[in-house]
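Undergrad: Chain by chain, the residues run as shown.
Number of protein chains: 6
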Amino acid sequence: MSVHKYTGKYHTAAEPTPGVLHLSFNRPPVNAFHDDMWGELRKTIEAVEFDAQYRVIVLASSLEKYFTAGLDLADAQSTLAGRKGLDAARQAFKLNKHLVDFQGAISSLQACRLPVIVALHGACLGLAIDLASACDVRLAAANASFAIAEVNVGLAADIGTLQRFPKVVGNDSKAREYALTGRKFSAEEAKQIGFLSEVVPGGRKEVLDAALGMAKTIAEKSPVAVVSTKHLMNHARDHSIQEGLQYTAAWNMSMLQAEDTAIAMKAVLSRQTPNFPPLEPVKAKL
Amino acid sequence: MSVHKYTGKYHTAAEPTPGVLHLSFNRPPVNAFHDDMWGELRKTIEAVEFDAQYRVIVLASSLEKYFTAGLDLADAQSTLAGRKGLDAARQAFKLNKHLVDFQGAISSLQACRLPVIVALHGACLGLAIDLASACDVRLAAANASFAIAEVNVGLAADIGTLQRFPKVVGNDSKAREYALTGRKFSAEEAKQIGFLSEVVPGGRKEVLDAALGMAKTIAEKSPVAVVSTKHLMNHARDHSIQEGLQYTAAWNMSMLQAEDTAIAMKAVLSRQTPNFPPLEPVKAKL
Amino acid sequence: MSVHKYTGKYHTAAEPTPGVLHLSFNRPPVNAFHDDMWGELRKTIEAVEFDAQYRVIVLASSLEKYFTAGLDLADAQSTLAGRKGLDAARQAFKLNKHLVDFQGAISSLQACRLPVIVALHGACLGLAIDLASACDVRLAAANASFAIAEVNVGLAADIGTLQRFPKVVGNDSKAREYALTGRKFSAEEAKQIGFLSEVVPGGRKEVLDAALGMAKTIAEKSPVAVVSTKHLMNHARDHSIQEGLQYTAAWNMSMLQAEDTAIAMKAVLSRQTPNFPPLEPVKAKL
Amino acid sequence: MSVHKYTGKYHTAAEPTPGVLHLSFNRPPVNAFHDDMWGELRKTIEAVEFDAQYRVIVLASSLEKYFTAGLDLADAQSTLAGRKGLDAARQAFKLNKHLVDFQGAISSLQACRLPVIVALHGACLGLAIDLASACDVRLAAANASFAIAEVNVGLAADIGTLQRFPKVVGNDSKAREYALTGRKFSAEEAKQIGFLSEVVPGGRKEVLDAALGMAKTIAEKSPVAVVSTKHLMNHARDHSIQEGLQYTAAWNMSMLQAEDTAIAMKAVLSRQTPNFPPLEPVKAKL
Amino acid sequence: MSVHKYTGKYHTAAEPTPGVLHLSFNRPPVNAFHDDMWGELRKTIEAVEFDAQYRVIVLASSLEKYFTAGLDLADAQSTLAGRKGLDAARQAFKLNKHLVDFQGAISSLQACRLPVIVALHGACLGLAIDLASACDVRLAAANASFAIAEVNVGLAADIGTLQRFPKVVGNDSKAREYALTGRKFSAEEAKQIGFLSEVVPGGRKEVLDAALGMAKTIAEKSPVAVVSTKHLMNHARDHSIQEGLQYTAAWNMSMLQAEDTAIAMKAVLSRQTPNFPPLEPVKAKL
Amino acid sequence: MSVHKYTGKYHTAAEPTPGVLHLSFNRPPVNAFHDDMWGELRKTIEAVEFDAQYRVIVLASSLEKYFTAGLDLADAQSTLAGRKGLDAARQAFKLNKHLVDFQGAISSLQACRLPVIVALHGACLGLAIDLASACDVRLAAANASFAIAEVNVGLAADIGTLQRFPKVVGNDSKAREYALTGRKFSAEEAKQIGFLSEVVPGGRKEVLDAALGMAKTIAEKSPVAVVSTKHLMNHARDHSIQEGLQYTAAWNMSMLQAEDTAIAMKAVLSRQTPNFPPLEPVKAKL
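Protein chains in written order, with this note's numbering: chain A, 203 to 488; chain B, 203 to 488; chain C, 203 to 488; chain D, 203 to 488; chain E, 203 to 488; chain F, 203 to 488.
Worth double-checking, as some hints may not be accurate.
Note that the list lumps identical chains together, so a pair holds whenever it fits in one copy or between two copies.
[Said to hold, decoys possible] The calculated DMTMM-like cross-link candidates involving lysine to aspartate or glutamate, where the alpha carbons are at most 25 Å apart (straight line), are:
id, residue 1, residue 2
1, 299, 289
2, 386, 217
3, 418, 391
4, 267, 482
Derived by calculation from the structure, the hints in this document are not laboratory data.
Build out the structure end to end from the sequences listed, making use of the hints.
TA: Following this line, the structure appears as C-alpha cells:
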C-alpha cells in the first residue's frame with residue numbers, strides 16, 4: 203500500500219484514518235537522533251507534503267518510555283571533533299553548513315503545508331522540544347517529562363528551541379528558566395505555560411489516540427481551508443498584524459474562488475456533512 | 203443628546219457614564235454580519251475617535267443569546283459568487299478589494315485611539331473572534347462559547363483572527379487547534395489560554411456591568427496617558443523592543459509636556475482625586 | 203574583596219555563592235528611583251558584564267516592604283519642569299535625551315550578557331515592572347503586589363513596560379487592562395498570566411533564597427552555553443524564526459568549538475559533574 | 203463626459219488618450235498647496251483608482267512657470283499657530299492628526315493601483331519633491347529647478363520627501379546635502395542622481411507630451427500586468443527580497459489565471475497587437 | 203576532468219583559470235528557458251557551491267546573438283493552461299508551487315556562497331534581467347540590449363526582477379518605467395542607472411574576457427574573505443544597518459580566527475603575493 | 203578657547219566658522235588607525251553632539267597625501283593574535299566585543315545628531331570607506347583614490363562598509379566588485395556611482411574649503427530643522443516608507459511647536475535672513 207513508501211529506517215508510517223499519515227520514531231533504545239535520522243524525517247515530510255492523499259500528519263514515538271532522549275551524543279561528538287588541519291574559521295564554515303542543514307530538517311515540520319500534530323509521552327528531552335515546537339498542535343500524556351537539556355551539554359540549543367519555544371508559550375520567564383537551568387518539567391507545568399493543548403491521562407497509547415482523533419477531525423475539513431490556515435498562521439507569527447492582513451488578502455483572493463466555500467455553505471445551510479475534494483486528484487492506490 | 207449621532211441601523215449607542223460610549227450590536231435574530239453592518243461599525247468608530255467627549259468605548263450585543271453567529275452566509279455567498287464574464291484574475295481583484303475593506307472595518311477597533319472593551323456573552327462565533335481580538339480588553343460572561351468557525355465553511359479566517367488571536371493569547375498550540383478544527387471552546391478555556399481578562403459569572407447583563415465599571419475607571423484617567431498607552435502598546439506589538447523604545451521616546455517628548463503630569467503628581471502628593479481636561483475643549487451638548 | 207567594587211550608594215553587592223552577584227536596592231524608605239539611582243545601576247551592570255568572575259546576577263531589594271514604590275516623584279517633577287525660555291521643541295529635545303538615557307539604564311539588564319534573576323516582594327510599583335520585565339527570570343514572594351502605575355500619574359509608561367510586559371506574558375487583554383487602569387494585581391494573578399516563573403510562599407527572605415538557589419544552578423553550567431542562550435533568546439524575541447535560526451547558526455559556528463561541549467559530553471558519558479572554565483581567566487581576588 | 207467628474211477646484215482633468223487621466227494643478231499664481239488642495243487631490247486619486255476606464259495617470263501643472271512653489275505658508279502658519287489654551291501635548295495631538303492626514307494625501311499617489319507619471323517643469327519646490335517622489339515615473343523639462351526647501355522654513359520635511367527621495371535616487375550624499383542645505387538643483391543634476399527618468403528639452407508642453415506618450419504605451423498593456431507590476435514594486439521596496447518573492451508568488455497564483463497571458467502570448471506568437479480587456483466592464487460614457 | 207561533472211544539457215562548463223568555473227548557456231537558437239533548463243542551472247549551482255576547488259563563477263551564453271530571449275513561451279503556456287477539473291483555488295496551489303520552485307532556481311545564484319559574475323551580450327530579455335539581477339557583478343558588451351519584457355506577455359515579472367532590479371540600480375523612476383513599458387534599453391543606459399559595473403566594447407568574446415579577468419583576481423583572494431564578503435553583503439541588503447553590523451560581528455568572530463589574515467598581513471608587510479588555502483582540502487583531480 | 207577641549211592626540215579641532223567644528227586626523231605618516239585613535243574619535247563625537255554651540259562637523263585629514271591608509275596592521279595583528287590558552291569560542295567572545303566596540307566608534311558619526319561632512323583627499327583606503335560611509339555628505343578632491351581594501355588582508359570588512367556603502371551608492375554591481383576585488387577606484391568613479399556629492403578640483407585644501415562652505419550654510423539653518431532632518435533620514439533608511447512616515451509624525455508633533463518655524467516664515471515673508479537660536483542656551487566661551 204502506498205503509505206509504505208513513507209516508512210523509513212528510523213520511523214514507521216501508517217494511515218490509520220483516511221488522509222491521516224501517522225509517523226512514529228523507532229530507533230531503540232531511546233530514539234537518539236543522529237544525522238541519518240533527522241535527514242530521513244525531512245525527506246519524508248517533504249515528500250508527503252505534496253501528496254494530495256494526505257491532509258494531516260501525526261508525529262509520535264514507538265518506544266514505550268521515550269519520545270526521544272535527544273541527540274545521539276556519540277554522533278554529535280564526531281561532528282564537533284572537526285577536521286584535522288583546518289583553522290577555526292574553516293571549521294566554522296563546516297559547522298555552519300551542518301547547523302543550517304539540521305535546522306532545515308526541524309523546520310520542515312513547520313514549513314510542511316499539512317498540519318502536524320505531535321503526540322508526546324515519556325522522556326521528551328533536548329531535541330524533543332525543538333521537534334515539538336515546530337509542530338502545530340502539541341498533546342502530551344500525563345507521563346511525559348520535558349527538558350531543554352542543551353545547556354547541560356555545554357551548548358546553546360541551536361536548531362529551533364530558542365526561537366520557537368518562547369513564541370509558542372505564554373511565559374517568557376519560565377522559557378528562560380528552562381533553557382538556562384536545563385531542569386526537567388512535567389506535562390502539567392508544560393500545559394500551564396501554554397506549551398500543550400492538552401494533557402491526556404495515561405501514556406503512549408492514550409495520547410496517540412487523542413492525536414489521531416483530532417487528526418481525523420481536521421482531515422474531514424476543506425483542505426483549502428486547512429492548508430491556508432496553517433500557511434497564514436505561520437506567516438502571521440513572523441509579521442506585524444498589518445503585514446499579515448495584506449498577505450492574507452493576496453492569498454485568499456484566489457482561495458475564495460474554491461468550490462469548497464460553496465460546498466461548505468451549502469452543507470451548513472442544508473445541515474449535511476460536507477465532503478471536500480483533495481487539492482489534486484489522488485491516484486488510485488496499488 | 204449628542205450620543206444619538208452614533209446610533210446606527212445595526213447598533214445602539216449610549217453614554218451610561220460620562221466619557222463612556224456604549225455600542226451594542228442589534229441585528230436580530232443572531233447579529234449576523236453583512237457588509238452594511240461592518241461598514242456602519244467602522245464609520246461610527248472612526249467618527250467617535252476624535253470626539254473629545256469620549257474616552258473609552260464598550261462594545262457589546264443587545265441580543266440575549268448571541269454576541270454574533272458570525273458572517274451572514276447568504277450575503278457572503280453573493281460576494282463569492284463573482285461577476286459573470288470575469289476571469290479568475292479579475293475576480294481576484296474584486297475579492298482583494300472586498301477583503302481589504304472588511305479587514306479595515308475590523309482593524310478600526312484596534313486603530314481607534316480610544317480603548318475598546320468588549321463584553322462577550324452567549325454565542326461568539328467566527329467574526330466574534332476577529333472583532334474581540336481587535337479590542338483592547340476582553341471580558342466574557344460564563345455563558346459565552348467561542349469558535350473560530352471559518353474552517354467549517356471552507357475558508358481560512360481572513361479578516362484578523364489568524365493574525366491577532368495567536369498574538370493576544372499565550373498558547374499557540376490551542377490557537378492552531380481551534381483554527382484547524384473549528385471546535386467550540388468555553389469561556390473558561392478562553393480565560394486559561396489568555397484570551398480574556400476575566401470570566402464574569404452570569405450572562406449579558408453581568409458582563410456588561412463589569413465592562414462599564416472598568417470603562418468608568420479608565421474614563422477618569424488622564425486622556426493623554428490613556429490614549430498614549432494604547433497607541434504605544436499597539437506599536438510595541440509589531441516592533442522589536444528597541445524600536446518600540448525609540449518610538450516611545452519620540453512620542454513622549456511632547457506628551458510629557460502635558461499639564462496632566464503636573465495635575466496627577468500634585469493630586470498624588472496631596473492625596474486628592476485628579477481631574478484631567480479632555481484632549482480638546484468639548485462643545486456643549488444640545 | 204572584589205565584590206565590594208560593585209557596591210553603590212543605592213544598592214549593596216555580595217557574592218553569596220561563587221559566580222553569583224547579588225545586588226540589592228537600598229534607598230529607604232521605599233526605594234524611590236531618581237536619576238542617580240538608575241544611573242548607578244547601569245554603571246554596575248555594565249561593569250560586571252565582562253567580569254569573568256561572575257556568571258549570573260540576582261536583583262532584589264533590601265527593604266522589607268518595598269521592592270520599589272517606583273519613580274521619585276519630586277525628582278521626576280524637576281525633569282518635567284523644563285528649562286525656562288525654551289520652546290516646546292527644545293524642551294522636547296531635552297526630554298528625548300533624558301528618556302533615551304533612562305531607557306538605556308533599564309535595558310542594560312536585558313543587554314547584559316549574564317542572566318539576571320529578579321526576586322520580587324512587597325510593593326512592586328511602576329518602575330518595578332519596567333525593571334522586572336527587563337530581567338530574564340522573575341520570582342515573587344506571595345506578599346508581592348504589582349501595578350503598572352504610570353497612568354495614575356498622567357503619563358504612558360515609557361521606559362520599557364509597554365514594550366516588554368506584553369511580550370513576556372501570555373494574556374494581552376490583562377496587559378492592557380493593567381496598563382490602562384493602573385490597578386494593583388497580586389503575585390498569584392501575575393503568575394497566572396505568565397509574568398512569573400514561581401510564587402514563593404513568604405516574603406523577602408524566602409524569594410531571595412529561591413532566586414539564589416536557581417542562580418547557583420546556572421552558575422555551575424557552561425558559561426559559553428549560558429551566555430549564548432541568553433544572547434540568542436534576546437535575539438529571537440525581536441526576529442522572525444528564520445532570522446533567529448540564521449543568526450544562531452552564525453553565532454554557534456564558533457561556540458561549538460568551545461572545549462565546554464567536550465567537557466560536558468565527557469561528564470555526561472562518565473556520569474561526573476562537569477567543571478567549566480570561565481570565559482576568561484579570572485584574576486586572583488585581593 | 204465622465205472625465206469631468208475628476209475635475210476639481212484646484213486641478214483640471216482630461217482624457218487625452220483612451221485610458222489616460224491627465225490631472226493638472228491649477229491654483230495661480232504658484233500652485234501653493236493648502237489643506238483643501240491636497241485634500242481634493244487625494245479624493246480624486248482614490249476615486250479614479252477603481253474606475254476601470256482608466257489605466258494610468260499623468261500629473262502635471264497648468265501654470266507656465268511653476269509646478270508648485272510648495273506649501274501655502276499663510277495657511278500653514280494657521281495650522282502651526284495652535285489652539286489657545288491647549289498645552290504642548292494637546293497641541294501635539296492636533297499636529298499629529300494633521301500630519302497623518304497630509305501624509306496620507308501624498309501617499310495616495312503611491313498607493314493608487316494605477317501608475318502615476320509626473321511631468322515636472324519650472325519651479326518644483328518643497329512639496330513638489332514630496333509629490334514627485336510618491337509617483338512612479340518622473341520626467342522633467344530642462345527648465346525645471348528643484349529644492350527640498352523645508353529646512354529653509356525651520357522644519358524637517360515631514361510628508362514624504364525624507365522617506366522616499368533617498369530610496370528613489372542613487373546618491374545618499376546628495377540626498378542629504380539637498381535636504382540639509384535647501385539649495386536649488388537643476389533637472390540635469392536630478393537626472394544624474396537618478397531622480398528622473400529623463401530630462402526633456404523645453405518646458406511645460408514638451409515634458410507633458412513626453413509623459414502622455416509614455417502613458418499611452420502603458421495604457422495599451424494588460425491592466426492585470428500593469429497594476430500587478432506597480433503593486434509588487436511598491437511591496438518590494440519595503441521588504442527583503444525573500445519576503446517580496448513570497449508575496450509575489452501569493453499574488454500571481456491568481457493573476458496567472460488571467461486571460462491576458464493567453465491573449466498576449468497568442469499575439470506575440472502571431473505577431474499581432476494584443477487588446478486587453480479592462481479589470482472590470484466599463485460603463486458606457488454619457 | 204572534474205569540471206565536466208558541471209556540464210549540463212543546456213550549459214557548458216569549463217575552468218579557464220584555476221578556481222574559476224565558467225558556465226555558458228547553450229540552448230539554440232535563443233536560449234529560451236523551460237523548466238528543465240532552470241532546474242539544471244539550480245542543480246549545478248548548488249553542487250559547485252560546496253566544491254572547494256572553485257572560488258568564483260562566471261555565467262555567460264554560448265550563442266553569438268542571445269544571452270537569452272527569456273522564457274520558452276510554448277513551455278510556459280502549458281504551465282499556465284492548468285489542469286482540467288481543478289477550480290481556481292486548486293489551480294492557484296499548483297501555480298504557487300511552480301513559482302516558488304522557479305524563484306528558487308534564480309535565487310540559487312544569489313544564495314550561492316561563491317560570487318557570480320555575469321557576462322551579458324546580445325539580446326538580454328525578460329528572464330535575463332531576473333538572472334543578472336541575482337548575480338553579484340554584471341558586465342555587458344556594448345552590443346547588449348535589455349528589456350523587462352514580462353509586461354508585454356500580460357504578466358508581472360514574478361521570479362525576481364521586481365524585487366532585485368530596483369535594489370541594485372540607483373534610479374527607481376527608470377526601474378518602474380522599464381517594468382511598466384517593457385521597452386528595450388541599451389547597455390549604456392543600463393550602465394548609467396547603475397545596473398552594470400562596466401560596458402565592454404565589442405560583443406560576446408570581449409565581455410567574457412573581461413569577466414574572466416575579474417574572476418581571476420577574485421579567485422586569488424582569501425576564500426574566507428571572499429565568501430564572507432558576499433555573505434555579509436547579501437545579509438546587509440535585507441537588513442537595517444545595525445542588524446547588519448550585529449550579524450557581521452557574530453560572523454566574523456570566527457572568521458577572524460582564520461590563518462588567512464596572518465598570511466595576508468605577512469604578505470602585505472613583506473610585499474609578497476599571498477597564497478590562501480581553500481576552504482577545505484581539495485581532492486586530487488582525476 | 204572651548205574648541206580646544208575637542209582636540210585629541212590623533213586629531214586637531216577648530217571652529218573656522220561659528221557653529222562649525224572642524225576635526226582633522228593627524229597621525230603621521232599615513233593616519234593608520236589603532237584602537238586609541240578610533241576610541242578618541244568616538245569620545246569626541248559623543249561629547250560635541252550635545253554641545254549646543256556646534257551645529258555641524260567637518261571631518262578631514264591634516265596629512266597632504268593621506269586621508270587614511272586604513273588600519274594600523276601591526277596593532278590589528280595583536281588583536282587577532284588572541285590570548286594563549288583560550289579555546290576558539292572564548293577567543294570569539296573577545297573578538298565579538300572588540301568588533302562591537304569598533305563598529306560603535308564608526309557608527310558614532312552616523313548616530314551623532316549633528317550632520318557630518320567628510321572632506322576626502324589623497325589615499326582613502328579601507329577604514330576610510332567605513333568612516334566616509336557613516337558621514338552624511340561626502341566631498342572628495344580630484345586627487346582622491348579609494349579602495350575597499352579589506353579583502354586584500356584576508357578578511358571581510360566588518361565595521362560598516364559592507365552595510366553602508368551599498369546603501370549610499372546607486373550601483374550594487376560596482377559595490378560588490380570593489381569589495382570582492384579590493385581594487386582602487388578614482389574620485390570620478392566614486393562620483394559616478396553616487397558615493398560623492400561632488401569632486402572638487404585640486405587636493406586637500408580645495409576640498410576642505412568646499413566642505414567648510416557647505417558647513418557654513420548648514421550652520422545658519424534652524425538647528426531644529428537640521429537635527430530633525432538628519433535624525434529622520436537615518437530612521438528612514440532602515441524602515442519602510444510607512445514606518446518612516448509614522449515616526450516622522452510622532453517626531454514632528456513637538457518639533458512643529460518650535461519658534462523656528464515662525465522665525466523662518468516671518469523671514470521668508472519679509473525677505474530677511476532668519477537667525478535661529480541654538481537648541482540650548484550656549485554658555486559664554488572662556
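Undergrad: Could you tell me which of the numbered hints above are not met by this structure, giving the numbers in increasing order?
TA: 2, 4
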